[in-house]
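Asker: Given the sequences, and given the hints that come with them, work out the whole structure.
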Amino acid sequence: MKALGMILSLGLLILACSSYTQQDKPRKFEISKTEMEWKKQLTPDQYTVTRLKGTERAFSGEYWDNHQKGKYQCVCCKLDLFSSDTKFESGTGWPSFWNPISKQSVLVAIDNSHGMVRDEVVCSRCGAHLGHVFDDGPQPTGKRYCMNSLSLLFVKK
Numbered sequence: 001m002k003a004l005g006m007i008l009s010l011g012l013l014i015l016a017c018s019s020y021t022q023q024d025k026p027r028k029f030e031i032s033k034t035e036m037e038w039k040k041q042l043t044p045d046q047y048t049v050t051r052l053k054g055t056e057r058a059f060s061g062e063y064w065d066n067h068q069k070g071k072y073q074c075v076c077c078k079l080d081l082f083s084s085d086t087k088f089e090s091g092t093g094w095p096s097f098w099n100p101i102s103k104q105s106v107l108v109a110i111d112n113s114h115g116m117v118r119d120e121v122v123c124s125r126c127g128a129h130l131g132h133v134f135d136d137g138p139q140p141t142g143k144r145y146c147m148n149s150l151s152l153l154f155v156k157k
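Position one of the sequence shown corresponds to residue 1 (the UniProt record's numbering), numbered consecutively onward.
Note that these hints are calculated values from the structure, not bench results. Glycine is no exception: its CB is placed at the ideal position from the N, C-alpha and C atoms.
DSSO-like, lysine-lysine: derived pairs with alpha carbons at most 27 Å apart:
| no. | residue 1 | residue 2 |
| --- | --- | --- |
| 1 | Lys-28 | Lys-103 |
| 2 | Lys-28 | Lys-39 |
| 3 | Lys-71 | Lys-39 |
So the derived label-pair ranges between C-beta atoms look like this:
| no. | residue 1 | residue 2 | range |
| --- | --- | --- | --- |
| 4 | Met-36 | Gln-139 | 43 to 51 Å |
| 5 | Gly-91 | Ser-32 | 34 to 42 Å |
| 6 | Asp-119 | Asp-80 | 15 to 23 Å |
| 7 | Val-117 | Leu-52 | 17 to 25 Å |
Answerer: Below, the structure written as structure tokens:
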């Protein structure tokens, strides 16, 4: 009986893991460049964050404490992503927003790196890694889109 329980548990684990990999299939984006082209366009730090899914250190980014009015665009393709109207002080050290400008401007994918399961946020036009989204933000959405400053460009109003 113990063996049957272990087999069932293992089967459920395999099923759960396979559902993650199905969602992580390579996706074609409207803007697609070679790694060399991205390296020419971006700074080394921007490349590490947006193309290699890196993360900048907390409180080190240019926009975590930005209080100006405007919009935040993808550093790779200039797609409008977030408005200063939805930016809030999360206390995390990264720029945080409770909603994107448009639901179509970002995609959410499962990120199971570093021994965690999180929701990764990527640009819907070029696939740039932007950050992660969590369910501990303010109302009306309850979401905290925790973005890397290095993945964003700020356009002042």
